[in-house]
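J.: Single-letter residue listing:
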Amino acid sequence: MTASESYPDDLLYHAEHDWARIDGDEAVLGVTWYAQDALGELVHYEPPALGATIGKDASYGEVESVKAVSDLISPLSGEVLEINQKVVDAPETVNEDPYGDGWLIRIRMSSPDEREQLLDRAGYARVLEAEA
Amino acid sequence: MSYLSLTDADREAMLATIGISSVEELFRDIPPGVRYARELDVAPALTEVELQRHLEELASKNTVDEVCFLGAGIYDHYVPAVVDAVLQRGEFLTAYTPYQPEMSQGVLQAIFEYQTAICELTGMDVSNASGYDGTTVAADACFVAKHATGRSKVVVTEATNPQVRQVVKTYAPGFGLEVVEVPHEGGTTDPDRVRDAAEGAAAVIFQQPNFFGILEHAPELAAAANDAEAMPIAHVDLVSLGVLEAPGNYGCAMAIGEGQSAGNAMSYGGPHYGFLAARSDYIRRLPGRIVGETVDAAGDRGYVLTLQTREQHIRREKATSNITTNQTLLALAGLVHLSLLGPQGLRELGETCMALAGYAQGRLAAAGLEPVFPEKATFKEFAVHTGRNAREALGAARAQGIYAGYPLGRDYPGLDDALLVAVTEKRTVEEIDRLVEALS
Amino acid sequence: MKLIYEKSQAGRRGIGIPKPDLPVPAVPPELARQEPPRLPELAEPEVMRHFTALSTRNFGIDTGFYPLGSCTMKYNPRVNERLAGLPGFAGLHPLVEDDAAQGALELEWNLQEILLEVTGLDAVSLQPAAGSQGELTGLMLFRAYFADRGESETRRKIVIPDTAHGTNPASVTMAGFEVTHVKTDARGNIDVDDLRGKVDEQTAGLMLTNPSTLGLFDENIEEIRDIFHGAGALMYYDGANLNAVCGVSRPGDMGFDVVHINLHKTFSQPHGGGGPGGGPIAVRDLLEPFLPAPVVVKDGATFRLDYDRPKTIGKVRAFSGPFGVFVRSYAFMRSYGPGLLEMSEVAVLNANYMLARLKGAYDVQYDRLCMHEFVLSARHLKKEHGVSALDVAKRLMDYGFHPPTIYFPLVVPEALMIEPTESEAKETLDAFCDAMIAIAREAAEDPEIVHTAPHSRPVQRLDEVRAAKQPVVRFQFGGHPARQS
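Taken in sequence, the protein lines are chains A, B and C. FYI, the numbering for the first sequence is 1 to 132, going by my numbering. FYI, the numbering for the second sequence is 133 to 572, going by my numbering. FYI, the numbering for the third sequence is 573 to 1057, going by my numbering.
Just so you know, these hints were derived from the structure itself, not from any lab. There could be a bad hint or two in this list.
No farther apart than 27 Å at their CA atoms in a straight line, the calculated lysine-lysine pairs in the DSS-like style are these [as the list claims (entries may be wrong)]:
no. : chain 1 : residue 1 : chain 2 : residue 2
1   : C       : LYS883    : B       : LYS301
2   : C       : LYS883    : A       : LYS67
3   : C       : LYS755    : B       : LYS450
4   : A       : LYS67     : C       : LYS1041
Just chain A, same shape as in the assembly (with noise of 0.2 Å):
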């Protein structure tokens, strides 16, 4: 069952479509709903190594639908500390729950002031107006 589109507030979003929830010194990153849509069904993750270092704007992974690949663009620089196994198993769970069960990867960052740069959910719902 695909979600429904939604932004959710408490997110800082890159305008490739990614997102970030900041927990201290930790942040955890998935894709939005815009890009699941966008894809179609994902049928493949291809995660970062446990302990690979990320950089913001830069690609730390892969996901698949069946005509199509992205890249995973990071919002953030840091260390990958955990990968969303249930998505490596299941990448469909993006779809049905993109800010829930179907993030990607957590890690360490390596440069908290890099969220300043980031949208709010007012500024990535320019960038998709701008993009439609």
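Please build the complex by placing chains B and C on the supplied structure of chain A, with the hints as guidance.
T.: Frame of chain A, contents of chains B and C only:
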């Protein structure tokens, strides 16, 4: 022109619908500076009768009536009549890649069956729907290995087909790969030297039976590669796999090869098919088409192209390969041939080749033509000393209607008197006796 | 339909093998096959019937209209099959000495001469096995050329328009170059302003399909040529769309330095359900020294393969190329002679006629005359009735047609890329256009019938998600997943 249907009236009506007055006007977007103003300077058109005559004349200038003991990668095996009949079915012959599965269940199921046959023969989990030939699949395998291991060196044994090595070397710089060759010693490859060379390598490619027709200690070569965490890749002959062990059963990561032996005419070098199979770990890194099973909206079984996100039309510069058009029809020929043979026929085919080759080797030795690599087990091909320049020996035999083999000196300095002799199930004892006489 | 493995019965076989009265040498036990491969066991009649049954579940040009854009699905003359099967061709081993292959070499030489005339270039390699291998070979020649000039470290970039086939960027990566993307302008040409900013002394070259995958001839080709050659860079012509311009305009005259020719498209080698193809390349003289070896050479009245090429890039496949493909394409060319011009003219006429008939019912992004193919968009059907390009494609099957290429090129949303070729009668073109117009009407009146199409094929729409999620890519015998039908 008999391949065109439009009448003058058709053309007039179509131009009117388009809203222009001449065919010339269709090309108005082409800048005058790059328009070709002349008639093409090519020979006049031929009718079908004339065309048949012209091509028959060209074909007659080739010599195909000498008894063929030439192999070196392409073999004079028998192609059953059913193969030709199936390939001439227009629904297979004149279709393209099954992008629309509902229109293409026939070829999709056939490819699925082909993938199964290749996996069964090689002991692997997944096969693609074909590469261009036995050389390019080796380059493909290097690309897979580089990305799977993150290493930038590949090892190829010198006893691997020289054309395979040349193609790997041609592709390697673009891949950022260094190619290291391990020399043979007396016709086979020393596993210890492979182990040393494989240090830090992405893959080790070896051929079984090797280019000299000799059986390598394949399990030990695979183990040597695995010791260095390099992917062992066996280049094998499908026709041998009824009697020789499957590479998947002795530790190989991938199995590749030239498919011509199963189902294809020699045809002066093509078109043939290259097969490429791997353990399931590598499925997302494989090049080319892969067919998968699924169900339709009614729940009935059907087949589709799958894991297409690997491919160039989706992943573009990050694709696992640029391959698009492949060799499906030739692979289908392979499937038909293998289906006719069955396990027993494939085994007998291998045994007959071995029996005839063994007979030839013995008779030649008795006539004074010693094996180049004595005491080595061989399959359907072997090297003999001719006692003179091998090209001279070849010429002398050809004068007696025998094409005696391949002069190894072309690729291996120091083996100038050696001839590589291939014996398929099409050869007879009488023909082998003539070979012996012609070379003596 | 059952798999051939499910029809197998132990003990049956489809062909006998000669058994000479000779001992079979033993295979060393550690190298011998332990378990026989589970190949099917059937008698010959059942094998023939199995594959005949499979063929009836397939659709080829012999079956009906197959307007698969960018693939040039033209009629494949039957005489060419007979000619390729002549024993003097099919029975010839590729490693025979040149004196035994004079007819084959002469055919290859003659084929090269025609390719040179059609492309307007100076030398040919027949070796590449398909268009994408021709691309890769061409890029290897670029690399060798710049290495020879001491520029291999600096010339790293290949410019590719956003309309390009995916093979172009994939080939660039395989050849060790980097891709620079350039945009398409409002008329469907390369955006020359965007291009100027992207070509410099680090540019190795351009890869361009002309006419493009939009079916449009680039009106600024001379300016583009001046930009690249002015920067000391080379130009690669993707010959996928050569069927539009034989005898009309030559890539060499447009300024291209390398061209690949898809023999299976323009010159009618049957596509075989996915292949074989042939992808010879023609090059300007400055690249000739680097061509793959061997090349066919004519000495007086005889022909030979020349391996002595000190600057060659090496080999990209075995032998001199897929010879059987050469026989068919050469025969096709000789059937047309200079009439290859008429072939292209009719291909372009057919495409424009269909475009004129269909542009009311579907969207057209670039309102120009097209070349041999054109791209429609179903974006209004999608927006207004929820009927996508995929739905239109599936519904066309019920009208008896193979669908066009869909969702390509990427710059057109809901794209339907239609290439009729020269082979079709006006009645066929009309019937297809009638079907397309009828489907557009159905989309408004009865979208469900379109959404659930096809209704006439051996299977309904297939679940591609399931196939990709849990790939089953070979029959697993006893362990095979539960199955129907």
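J.: Now look at each hint and say whether the structure bears it out.
T.: Results of checking the hints against the structure:
no.: 1; hint: C:LYS883 with B:LYS301; result: 14 Å, holds
no.: 2; hint: C:LYS883 with A:LYS67; result: 42 Å, violated
no.: 3; hint: C:LYS755 with B:LYS450; result: 20 Å, holds
no.: 4; hint: A:LYS67 with C:LYS1041; result: 13 Å, holds
The structure fails to meet hint 2 from the earlier list, while all remaining hints are met.
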